[in-house]
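Engineer: Listed below, chain by chain, are the residues.
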Amino acid sequence: EVQLLESGGALVQPGGSLRLSCAASGFTFSSYAMAWVRQTPGTGLEWVASVGPSFGTYYADSVKGRFTISRDNSKNTVYLQMNSLTVDDTAVYYCAKDGQLVVGWFDPWGQGTLVTVSS
Amino acid sequence: DIQMTQSPSSLSASVGDRVTITCRTSQTITKYLNWYQQKPGKAPRLLIYTASSLQSGVPSRFRGSGSATDFTLTISGLQPEDFATYYCQQGYSAPWTFGQGTKVEV
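Those sequence lines, one after another, are chains L and U.
Take the first sequence: its letter number 27 is residue 27 in our numbering, and every next letter is one higher.
Take the second sequence: its letter number 20 is residue 20 in our numbering, and every next letter is one higher.
Careful: at least some of the hints might be erroneous.
[Stated by the list, open to error] List time: in silico BS3-like cross-link candidates among lysine-lysine, alpha-carbon distance up to 30 Å:
1) Lys64(L) with Lys42(U)
2) Lys75(L) with Lys31(U)
3) Lys31(U) with Lys42(U)
[To be verified] A short list of chain U residues far from chain L (calculated; beta carbon distances all over 12 Å):
4) Gly16
5) Arg24
6) Pro44
What the hints contain is simulated information worked out from the structure, not anything from laboratory work.
Just so you know, even glycine gets a beta-carbon here, dropped at the ideal spot from N, CA and C.
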């Protein structure tokens, strides 16, 4: 069974940084792209970033230059380093498995981790 | 970016009803449209991929159709566990974008 377990969500001040982790199991992690998708009550679901099996990275314009997605295939883990956080980054962040290429097909998703940016 | 427009934003239905949700995209995405179901406090779950393919384990009462810019999710014989919010999402080109959701209520 594929399982994704996010961690690292917290309350952080505007301008601060945070790193999210997503530990994966139940599939050949190195063969699949992985993604982060966030959800807020106001803006719904928003794709944030993806990393391919060959480590190519892709970002939404709203986070480009501030967030960095990476993966460690030895640990079956994908990360999201978030810098220069603003209140608009407040959301539940989900990790999701993509296809064997970056195809924008998210299944399954983790349970989510809450990031709150507030002073 | 490809814009997604879902309708309606919410609907009321009863067990046994047939429910139809539509999704329109701002440009053609051929068949690269996915549907997700989300229940309160849970992560989204993939139901339908590439417009009409049923994800493994999803009941056959869920059906997706459409192509180009117009897509439909139909639930035939609504069950109590189907009351949830449904989202469409285009997988044609990054940035991957989602519809605003349709809440199916009792």
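Engineer: Determine which of the earlier numbered hints do not hold for this structure and return their numbers in increasing order.
Structural biologist: 2 and 6
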